[in-house]
Structures are given as C-alpha cells and as structure tokens.
Amino acid sequence: MEAQPSGQAVLELVDIRKSYGAVQALRGASLKLRAGEVHALVGDNGAGKSTLIKTIAGVQAFDQGQILWKGEPVALNGPRDAAKLGISVVYQDLAVCGNLSVSDNVFLGGESMSKGPLGSLLRRIDRRAMEQETLGLLKSLSVNLQKVRSPVEGLSGGQRQSVAIARALLGRPEVMLLDEPTAALSVAQTAEVLNLVRRLRDQGLAVIIVSHNLADVFAVSDVVTVLRLGQIAGRFEVASSSQQEVVAAITGAEWGVVS
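As numbered in the numbering used here, residues -11 to 247 make up the sequence shown, in order.
Because the hints were derived from the structure by calculation, they are not lab data. A couple of the hints might just be wrong.
The calculated lysine to any residue pairs, modelled on SDA-like cross-linking and capped at a C-alpha distance of 25 Å, are [what the hints assert, rightly or not]:
#, residue 1, residue 2
1, Lys58, Ile220
2, Lys72, Asn87
3, Lys58, Gly34
4, Lys72, Pro161
5, Lys127, Ser144
6, Lys127, Val62
7, Lys72, Leu158
8, Lys42, Glu25
9, Lys42, Arg22
10, Lys42, Ser89
11, Lys103, Gly86
12, Lys135, Gly145
13, Lys72, Glu99
14, Lys127, Lys58
15, Lys58, Leu96
16, Lys72, Ala171
17, Lys103, Gln80
18, Lys103, Ala117
19, Lys103, Ile113
20, Lys72, Leu96
21, Lys135, Gly74
22, Lys72, Asn33
23, Lys42, Leu158
24, Lys72, Arg187
None of these values were measured; they are calculated from a predicted model.
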C-alpha cells in the first residue's frame, strides 16, 4: 500500500530538480522525513539516490526546488549548513582511520581540549573526556565496546559502523542519513547494524537509509520511497506492503503503484 503523508516533517524536499548537462539526475523529486521514523530510499543504479542524499547533506547544489526544515524554507550551501541544522551523514566508506582509536575516530577533527588556561594555551587534548563521551554514545546505541582506546582496524564491520554512527551523533542531530549501511557485511554484522538503526529511531531521530537490500529495508524501515530515473516511482508503508510491490516500482512493472 502506498504511504499517505501524516504529521509535519522534520525535513522536506519539494520538487527537487538537478541536471548534469543533458542528464537529468533528479526530475521533481519530493521527500518527507519525520522524527522517529526510518525512511528507506531504494532504486536501481542511476536512479538518483546518491544525488538526492548529497542534496540533503548540502554537498550537491540543486537547480530547482525547495528544502523545508520544520516547515520553514532553508538554504543548504554546504555540509556545514546541513550540520548546523541537525543533519548528519554516514557514507558507505565510513571514513574511519584504522590506526586511530575508537574515541579518536569519534572526535576526529573536533577533539576536546583540556579546560583551564594551560589547556587552551597548549592545546592539550582531553582524552579522558573524549573516552567517557564515546562510551556514553556507544551505550546509547546499546553497543558493548569497552576498549575505546583500541585501534579501529581490529573491529568488525558492524563495530566500525557503530563508531561512524557514534561520531555522527556527536553533534546531536535530528536527521541521520545512512548510505548502504549493511553493504559487504556478514549476516551477524548486518543484524548488529540494523539494531543500531532501530536505536536511532527509538531516540526520536528521522533516519533515512539508502539500500539495495530489500530484506534489510523491510526489516527496519517504516516507509520506503522508490526512485526511478530521477523521479519518485512510489512510496510504501512497510507494514502494509510487499517486497514484490517495491520491486515492481523499481523496475516499472505494471502493479498499479508506479506514478
């Protein structure tokens, strides 16, 4: 069954259009993200998913359309603008440094400095404070990872994903974008990451996941939006829809749900 919008969105994209020369990457795409909801974005390669995610993250400027934050128009002129609003992104490559510790990765580029005159003058990093906050963030995700001083290179794929998500939570975001969070993970690690996504929803975040794996999508999502050739081909409530309906929208088959 197609999803029927209800309630005010935290973030809304209205009629977004983007072209690269003669190629139309997005052709009037609209999307609503609500607090406490996992919204999956699916579609074939070249459907426009990456362009739409980059638009939300402030990485990619669009040609036409409007972005609303809690009902008010906003301009995202770069990733910093998106972060200030409360939008965090975890890309597929995770961008973690294997030789650094868990806490160093969480605070990478935003290290906590020791308090007091000497701390400010000498720019001393307060590792104890960083480690304590890292443990708190991981605990909020129900991740049992006590050795935050250990290098990330020794962690599993699922644990690395938890480190990347903890870093994204550092700025207390309201919207979390996850790009292919379960790609190339084992069954056990995938289950671990899907639990992380549920924890984010339970914390009241609006979560959007990009995925090619419909089993994962249906396991964790509330709403699925299908992109096809830069347009919205369908929106579905997971509780009342089937994977076959979503596949039909992705491929353009006649199921009565393709717009």
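Here is what the structure says about each hint:
1. Lys58 / Ile220: holds, 22 Å
2. Lys72 / Asn87: Measuring from Cα to Cα gives roughly 29 Å; hence the hint is violated.
3. Lys58 / Gly34: violated, 30 Å
4. Lys72 / Pro161: With a Cα-Cα distance of about 9 Å, the restraint between lysine 72 and proline 161 holds, given a limit of 25 Å.
5. Lys127 / Ser144: holds, 18 Å
6. Lys127 / Val62: violated, 33 Å
7. Lys72 / Leu158: Status holds; Cα separation ~12 Å.
8. Lys42 / Glu25: Given that 25 Å is the threshold and the Cα spacing comes to 20 Å, the pair holds.
9. Lys42 / Arg22: holds, 19 Å
10. Lys42 / Ser89: violated, 28 Å
11. Lys103 / Gly86: violated, 28 Å
12. Lys135 / Gly145: holds, 16 Å
13. Lys72 / Glu99: holds, 18 Å
14. Lys127 / Lys58: Roughly 29 Å separates the two Cα atoms, so the pair is violated.
15. Lys58 / Leu96: Answer violated: lysine 58 to leucine 96 is near 30 Å, above 25 Å.
16. Lys72 / Ala171: violated, 28 Å
17. Lys103 / Gln80: violated, 35 Å
18. Lys103 / Ala117: holds, 10 Å
19. Lys103 / Ile113: Answer holds: lysine 103 to isoleucine 113 is near 9 Å, not above 25 Å.
20. Lys72 / Leu96: holds, 18 Å
21. Lys135 / Gly74: Cα-Cα ~29 Å, so violated.
22. Lys72 / Asn33: Distance ~31 Å between lysine 72 and asparagine 33 Cα, so the pair is violated.
23. Lys42 / Leu158: holds, 20 Å
24. Lys72 / Arg187: holds, 23 Å
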